[in-house]
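S.K.: Mind docking chain B on chain A? Use the hints.
2 protein chains.
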Amino acid sequence: MNLILLEPGEVGPDAAISLPGTRASHLRTVLKVVPGDVVRVGIIDGPMGRGTVTAVATDRVELRCDFDAVVPERPRVDLVLALPRPKVMRRLWAPLAALGVGRVMLTSAERVERDYFGAHVLDENVYRPLLVDGLQQAKDTRLPVVSIHRRFKVFVEDDLDRLCPDGRRIVAHPSTPGHAGRSVAGALAGIGTHASAVVAVGPEGGWNGFELALLEAHGFTTVSMGPRSLATATACIALLALVHDALPQG
Amino acid sequence: MNLILLEPGEVGPDAAISLPGTRASHLRTVLKVVPGDVVRVGIIDGPMGRGTVTAVATDRVELRCDFDAVVPERPRVDLVLALPRPKVMRRLWAPLAALGVGRVMLTSAERVERDYFGAHVLDENVYRPLLVDGLQQAKDTRLPVVSIHRRFKVFVEDDLDRLCPDGRRIVAHPSTPGHAGRSVAGALAGIGTHASAVVAVGPEGGWNGFELALLEAHGFTTVSMGPRSLATATACIALLALVHDALPQG
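Residue numbers (numbering that gives the first Met the number 0), protein chains in the order written: chain A, 0 to 249; chain B, 0 to 249.
One chain only, chain A, in its complex shape (with noise of 0.2 Å):
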């Protein structure tokens, strides 16, 4: 925890905090804070800053906070992810926060078993602690937006310009004869210091090809990150850190 993330209501007037629960036992038991100590604080979805431990008690630590006056940008990649299986998505979240995304839309696509989007891991109760562990990990403040499509086709022709309607568009799939694939470099290449990119990874298996060219007619490029054949998350995470870097800073 490299950061405390605070909910917007919990911050009163004042910016003095009274945190209970794991993140005070984490400032008493392995930050091991006395009053008059300085930590970094965050509010999700608003500032940083700096909190200043005013009392530490068995089950509450107390803080005064001071906040930027800027917020952080939101992360520039978006995420459309063919929802993987409940175990391997369990543990996506936090690494999708910690990387940076924006926006994270899970879909559907003919090898995704419907079942899972009846899973337990998709209830934002679930998801919206591990999303904040990946930010307090990573310290930013800005929480992932996700959205579910049950249908993929819909999602591709009604959805996806609404909720992204910047952004270079890139697909991940394995190199065949017939879709060799562009480095990610290359499909990212000349986008401007302030653009923003949608990134596209298929389940285990791929995309069928109606997908692939359903996506690629809405302006997705079709990229490779090599011949080996990544599982889902290691290709999300080996994805997300290619167009972070790929992407000019500002």
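Treat the hints with care, as some may be off.
Listed below are the simulated DSS-like cross-link pairs for lysine-lysine, each with C-alpha atoms no more than 25 Å apart in a straight line [as the list claims (entries may be wrong)]:
id, chain 1, residue 1, chain 2, residue 2
1, B, 31, A, 138
2, B, 86, A, 86
3, A, 138, A, 31
4, B, 138, B, 31
5, A, 86, B, 152
Just so you know, the hints here were simulated from the structure itself, not pulled from any lab data.
M.R.: Here is chain B on its own, set in the frame of chain A:
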């Protein structure tokens, strides 16, 4: 499982193989093979090839194989990793093998708990099948060579040059005023077509000053992956993706 990996001892002189266990049940229940089908096979640290199914029984699948003349090259990236906690290490074996590493050198550091070196997950009987899983995912046969180094200073001063005589050395470290850090691509610029890299990833909380200075004194260039602080597993996957992407393809 995109490739069925065989132990060298499993392949008879006539290239006939009788597969038991999980590989047989994968062939029967996931790939639903019948006699005459051809599947991708490989021998650990040997060639890849094609296996023609000759018989399917309830507990075994028999194949006759035809192997390539050449053995895949070893991945051109070696990893020095400050040993993470056992739960993280367990989940990292398969992605490391899938992304492609020649060697995995696990080392101590000030911020590595000594107990971690006693973990079950450092038993070859535990990690080897996980590495094999990663290779089967990525369609490679070259098993990473694993070594465990409980004394960081001895490792860097006495063992590293012998284990990794060649290769551009880079160490990932969060950017700080004293160590701004170059980009991965910058640190690998101008590297030869067949050259390799050695990448070092520190513990949660980073290398301490002594450790970083010792690595730099032994030829490591400090690189940064940007301002976001990543958990060990995410950092490893992201860094390996960037390094593989930056190495020129021969």
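S.K.: Take the hints in turn and mark each one as holding or not.
M.R.: Verification of the hints:
no.	hint	verdict
1	31(B) / 138(A)	violated, 47 Å
2	86(B) / 86(A)	holds, 15 Å
3	138(A) / 31(A)	holds, 19 Å
4	138(B) / 31(B)	holds, 19 Å
5	86(A) / 152(B)	violated, 39 Å
Checked against the numbered hints given earlier, the structure breaks hints 1 and 5 and satisfies all the rest.
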